[in-house]
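Enquirer: Letter by letter, the chains look like this.
There are 2 protein chains.
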Amino acid sequence: MDSDYGIPRELSDLQKLRSTYQPLLPPCLQGTTVRVEFGDATTAADPAGAHTISRIFPHTYGQPLAHFLRETAKVPDAKLITDHPAIRVGVVFCGRQSPGGHNVIWGLLNALKIHNPNSGSEGLFAQKTLEVTDDILTTYKNQGGYDLLGRTQDQIRTTEQVNAAQAACTALKLDGLVIIGGVTSNTDAAQLAETFAVAKCPTKVVGVPVTLNGDLKNQFVETNVGFDTICKVNSQLISNVCTDALSAEKYYYFIRLMGRKASHVALECTLQSHPNMVVLGEEVAASKLTLFDLTKQICDAVQARAEQDKYHGVILLPEGLIESIPEVYALLQEIHGLLRQGVSADHISSQLSPWASALFEFLPPFIRKQLLLFPESDDSAQLSQIETEKLLAHLVEAEINKRLKEGTYKGKKFNAICHFFGYQARGSLPSKFDCDYAYVLGHICYHILAAGLNGYLATVTNLKNPVNKWRCGAAPITAMMTVKRYGRGPGASSIGKPALHPAIVDLKGKSYELLRQNATKFLMDDIYRNPGPLQFDGPGADAKAVTLCVEDQDYMGRIKELQKYLDKVRTIVKPGCSQDVLKAALSAMASVTEILSVMTSSSNSGATPQPKK
Amino acid sequence: MDSDYGIPRELSDLQKLRSTYQPLLPPCLQGTTVRVEFGDATTAADPAGAHTISRIFPHTYGQPLAHFLRETAKVPDAKLITDHPAIRVGVVFCGRQSPGGHNVIWGLLNALKIHNPNSGSEGLFAQKTLEVTDDILTTYKNQGGYDLLGRTQDQIRTTEQVNAAQAACTALKLDGLVIIGGVTSNTDAAQLAETFAVAKCPTKVVGVPVTLNGDLKNQFVETNVGFDTICKVNSQLISNVCTDALSAEKYYYFIRLMGRKASHVALECTLQSHPNMVVLGEEVAASKLTLFDLTKQICDAVQARAEQDKYHGVILLPEGLIESIPEVYALLQEIHGLLRQGVSADHISSQLSPWASALFEFLPPFIRKQLLLFPESDDSAQLSQIETEKLLAHLVEAEINKRLKEGTYKGKKFNAICHFFGYQARGSLPSKFDCDYAYVLGHICYHILAAGLNGYLATVTNLKNPVNKWRCGAAPITAMMTVKRYGRGPGASSIGKPALHPAIVDLKGKSYELLRQNATKFLMDDIYRNPGPLQFDGPGADAKAVTLCVEDQDYMGRIKELQKYLDKVRTIVKPGCSQDVLKAALSAMASVTEILSVMTSSSNSGATPQPKK
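Chains V and E, in that order, give the protein sequences. My numbering puts the first sequence at residues 993 to 1605. My numbering puts the second sequence at residues 993 to 1605.
The hints are simulated quantities; they were obtained by calculation from the structure and are not laboratory data. These numbers were taken from a predicted model, which means no experiment stands behind them. You may find that some hints are simply not true.
If several chains are the same, the list does not tell them apart, and a pair holds so long as it fits within one copy or across any two.
Below, simulated DSSO-like cross-link-like pairs (lysine-lysine); rule was C-alpha separation at most 30 Å, straight line [stated by the list, open to error]:
1. LYS1500 x LYS1536
2. LYS1361 x LYS1394
3. LYS1461 x LYS1165
4. LYS1502 x LYS1165
5. LYS1008 x LYS1502
6. LYS1066 x LYS1288
7. LYS1242 x LYS1066
8. LYS1192 x LYS1133
9. LYS1397 x LYS1560
10. LYS1489 x LYS1382
11. LYS1405 x LYS1476
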């Protein structure tokens, strides 16, 4: 061991108890033998992008879905994996830490040991590695953080980084490399898989959806490891603040939540804790609300509450909100463009377009400074550093004071307190759900590698049901990709690289509908709800995310159901059946086929979450 | 019901479970009959102030201690309270909310009902009242916040406020008034008790020590309701941030903790979660560390860690720290003086003394603005609004950059992330300890009133042991008072009013010693400990504050032990005993008496926490 990772540490009583918690496995992964059933070859959700994706990922595009089934499953084509050579697997934590990450490693190691005790797992981190053993894992089981291995940089993308990864895999003689992370890391995993395939490097690459943002969401992936914990810890704190607001009766709390571009965390926390208001980035982008519109909207809410003699409230803001405001987004694009050209932050304001410059000068100094920060690796602004909550509190206060002077607002003084909730949740002990989910995903990684698959993401579906109903599988990462079309600047137009893009909150989805139905009650009636601190025993310990339960996502289940229908038609219309039956089948299937062709020819109408902008 | 308090509300599963939790009562309060034993007449800890206190509180100074004992207790002089007329009691939440406050009301109501079902409890809030019934309490039992009644202003002190309180008590025909709060509120309770006694108003006033600051601490009071919860919730978050720091390995987190002038919360949280560093206000004041010293101290720590290739860390700062830095305190005094003279914030900087002005101009603009805020009712700065964590992060960054240039620091770039933890903990569901403690205190309030006492604080001692070992009593609030000597400005000198002053962290105490013993390990070895989220079941649910367990506070127990010795001497040296025995007793007692006289004649050397400055 040539690193200082994995040092023994002092655990509290609760940590000790949690370290003895044994997550369950769904029936299909129990026992020593697992069947793998391959489904149809996959495509990409956006047919227009499919061609681009297939061109860039010739070796890993179009691979079939994989379902893992129990040994006794009666599926004719399922292959029984009986060959279990000793394999060496490397593991990397990519990008931001998310509660539960350690359990992926534990699940993987456990599966490795069950199927071949000579297998091994190697934590890979820069030049440092750590052989992961049961002993070392003891104090990390069911614990938060990524501190067993530390986390890498946000990306493995440049030619240098990819070459370094390949060299490391070859040097360590790895049969598999497991990449634990969100959309960026799993895009890199797909790229690495393709590169390895081209170079005939024997290391297979597997991705695992672990991100507190909850934005690696698509037809194959229902939620991400860490999202459940983050939303529970944040909801605890938001609820405490709601109770505080109701007790003090004199403050408006503006709370910004971590979660990157999309507003999944903010939506889930709202449904758990019922604050007075939430402003989703997706709503703002869809309605093209300006900073002025937003300020007015909040002021109107404050005024309506003042008329009921209420001078307190809690307002949630996702950190991605700032980029969803059209004019701020445009300003950020100009700033980032100049920064990339090497213009220093001090000289940017003088080089902005007149329009952007006017907005920039209007903003308070602290926000100006934050907008000038260099963009992140995914091209977004440094969202965790931009205090949108302070900006809005500032603008709302100014507007309320103006209304007070004009006599249109007749209430008491407006007082705001601002918070940013993120870092204090990210390192939490993972919830039972996240412990189980991550552990099962770790097991699946092993089976993906044992089946010799490359460029797949481990998936578990039907997650809203108990673990014994969970369905395990794997999907090629390329099948989750989309292609962004850039249209920045006059006349400029280019096609981006295929990538996993953060799924945004679906404004036609059931979770958002639930929010809309309750928004007025939340705003006016203070029906605050306190889910309390994360519990590991008793009521609430098995609670699942509201959005996970409301959204009926069972895509994999439906794919299988469709297969059954197709099989049934084939069985009924066997050679020898009557002419009438055959005719009816032909006519019906012709019509079905036509409908589906029409639906898939226009590329952008699918129900799949579309990348923003 | 003429207010909108006490409206029914939706509880989460965990809240529902908690609302069914029945706190235990110590044996002395079980059953329908309780004995009260009066101890010796009390004095004040500071003999020099005793005269002033007795002059200002002629009716309520010098009253005896009261101990509540079970019916069967064999104490010769204990009075059995058998007379239980129906009594009406008013309850006020004073000042800042603290988790567990609601349980005081529940305990009181429960005791009222047990001893006379015709008794009643009335929540008193401004002109609004709410008759508290079991029904209304249902959803508030074991819950956080003060939202059943809302909270009043921070004080009942001016003649107007006191008259209004008296008028309300008379109008409502109250036999008792229970004031729930911290040092300020209980000082007001004592004043109200005296005023009522002078005016022959029949309402008796009782105080209850409820404050998250944990600073209503003296020989009679071991800890306050809310402190346990606040420290647990904050420690959870601090631990999460520690895990985050260790995972990301690139940030220093500066966390400011709510808790007013004293650093009890910061000390307790440090002992629970083992962050790298804590800067106690009491240390800074005692060592007269300047802003420059502090910056240097933190930079040296950062540099020492960098030499071990560690670029992360977690540093705790109590919110009161800013006032403990001598030159900042002096600056604040000048600013507050000018503000009280009516000088507007915009004109203050030009009217400061040259010395204060130089410091003011040196500080970054955001801090300047915060220092200019009007002081609070207890004369302190608006501590929750002054971002000391940002100031120190800013100064440390500047100093590290300077060292980097000079070549004395050779490590990586220093990155800080700042947090303020307070509001997000204050509204938490109370811990089991706080639920029990508050409920028992509520019961004691009833017995104080039933015994006809006025100006007392309800007390429970031996709290570090299980509930069945708790000792219940009451002490006159005047016995906890001290008198501050002001010496502001050249030549000026006046004697302040007697008051309860916040106890500061005892730098000679066992808790601080424990911190010092571990400080180097905490700083260098990252032995972070995660107590996890507040649990209501399983390990950790019955954990008690480290400082409570370490400090062996049992003052009331020792008072009783001393009484036993005195009684024993009296029994042994009865008339008829031998001359020798009598001589020995006389000589021994003369020596004891002399030692004690010497010790108490110099007023400031006691082990009692002394008011700061």
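Enquirer: Against this structure, judge whether each hint is valid.
Expert: Status of the hints after comparison with the structure:
1. LYS1500 x LYS1536: within (22 Å within a copy, 48 Å between copies)
2. LYS1361 x LYS1394: both (26 Å within a copy, 22 Å between copies)
3. LYS1461 x LYS1165: Close neither inside one copy (37 Å) nor across copies (63 Å); limit 30 Å.
4. LYS1502 x LYS1165: For LYS1502 and LYS1165, the Cα distance exceeds 30 Å both inside one copy (47 Å) and across copies (55 Å).
5. LYS1008 x LYS1502: between (39 Å within a copy, 27 Å between copies)
6. LYS1066 x LYS1288: Neither: 61 Å inside a copy, 71 Å across copies.
7. LYS1242 x LYS1066: Classified as neither; 64 Å inside a copy, 52 Å across copies.
8. LYS1192 x LYS1133: neither (35 Å within a copy, 66 Å between copies)
9. LYS1397 x LYS1560: neither (73 Å within a copy, 76 Å between copies)
10. LYS1489 x LYS1382: Neither way: LYS1489 and LYS1382 sit 36 Å apart in one copy and 40 Å across, limit 30 Å.
11. LYS1405 x LYS1476: Answer is neither: 46 Å inside a copy and 35 Å across each miss the 30 Å cutoff.
Against the hints set out earlier in the document, violations occur for numbers 3, 4, 6, 7, 8, 9, 10 and 11.
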